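S.K.: Sequences and hints are given; from them, build the entire structure.
Taking the UniProt record's numbering as reference, the numbering of the sequence shown is continuous, increasing by one, and the terminal residue is 289.
In short, the hints are calculated from the structure, not lab data.
Misleading hints may appear alongside valid ones.
Unchecked claim - Pairwise CB distance ranges (calculated): (1) 15 to 197: 50 to 56 Å; (2) 75 to 271: 22 to 28 Å; (3) 200 to 225: 20 to 26 Å; (4) 15 to 106: 21 to 27 Å; (5) 285 to 251: 23 to 29 Å; (6) 112 to 154: 17 to 23 Å; (7) 200 to 285: 32 to 38 Å; (8) 132 to 106: 16 to 22 Å.
Claimed, not checked - Calculated lysine to any residue pairs in the SDA-like style (CA-CA distance at most 25 Å, straight line): (9) 201 to 232; (10) 130 to 180; (11) 130 to 115; (12) 130 to 178; (13) 201 to 250.
Source: prediction; values computed, not measured.
C-beta atoms are modelled at their ideal positions from N, C-alpha and C, and glycine is treated no differently.
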Amino acid sequence: MSTRAAAELKLPIELILLAIEHAALDDLDAKMQISEKAIRRWRHWVAGLCIVCRALEPAMARILYTLVHVHPGNVDAVVRAAEMDTRPFRRARAVYFDMEHTDTSALCASFQHVHACTGELHYLRPLLNKRVNSHDLRPLSVHLTLANDIFELSTVVVTAERLHLAYVAPRLTSYDDLSRFRTRFLILDIHPATSDDAIEKLSQLLRIQTLERILVRPSVPWNVSGAQPLRDRIRSFAETARSAIIWFDDSFPTYTVGELIRHRHLFDAMRGDDLWLGGCQLYVPGTDA
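M.R.: Shown next as structure tokens:
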């Protein structure tokens, strides 16, 4: 059955994608199907179907635009794509602005329908401001990748249901700071050397009424010797506070240290909403009876 016929019959998306994959593999030389060149060619072939056969675009968009990673190597191409009449990024579900010294305000308008965004607050601010002004109530996940961003959370705290703060936890000084939070799931990447400061901040964060889970992770996962003492400190605090919402996760992808340093934010973005559900609970009610 042709891919066109499959689309017209409104078959389940899984069957349509299987037909596409079969056709793509048939289009390649059998001797090179597992090579890097073949993989790149297959991806280009599938992406090209969005232009050749519009009926298949909704099915393929779920894969092609699950996460749009915007970086210096492709930002010009992304800008050109965003200006197309077909508005390809309207189906994007997540975006990662991985850039420096680049104005993203024009691009942000193309990603208003995403439910997750990653990057420095400087680059995400136009997108988040538009989100607040549009009164869009859909859940939003926000990964902030720069430590200094915690001093400018005013836009984010009224927007993000899931919030990830890399490298440092916020110091909140008033009840007003706490009352503005609407976050249900919070991830804090904490350096083992700052565990004392982290405990103080956790005490404040526990007063946020909307929080259902705080997931603590070591900010330097390649430092295995430092992860266990951090876990012990956070566990002791959770047990003393009798807080069942504190979790700990020191499991990271099995990549080299260099890869983790360069790409850890991309790895997190690719995990999607599952990232907030990892780890183990440090205090279980009833176990101290």
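S.K.: Now, for every hint given, state plainly whether the structure supports it.
M.R.: Status of each hint after checking the structure:
no.: 1; hint: 15 to 197: 50 to 56 Å; result: holds, 54 Å
no.: 2; hint: 75 to 271: 22 to 28 Å; result: holds, 23 Å
no.: 3; hint: 200 to 225: 20 to 26 Å; result: holds, 24 Å
no.: 4; hint: 15 to 106: 21 to 27 Å; result: violated, 38 Å
no.: 5; hint: 285 to 251: 23 to 29 Å; result: holds, 24 Å
no.: 6; hint: 112 to 154: 17 to 23 Å; result: holds, 20 Å
no.: 7; hint: 200 to 285: 32 to 38 Å; result: violated, 24 Å
no.: 8; hint: 132 to 106: 16 to 22 Å; result: holds, 19 Å
no.: 9; hint: 201 to 232; result: holds, 17 Å
no.: 10; hint: 130 to 180; result: holds, 18 Å
no.: 11; hint: 130 to 115; result: holds, 13 Å
no.: 12; hint: 130 to 178; result: holds, 23 Å
no.: 13; hint: 201 to 250; result: holds, 20 Å
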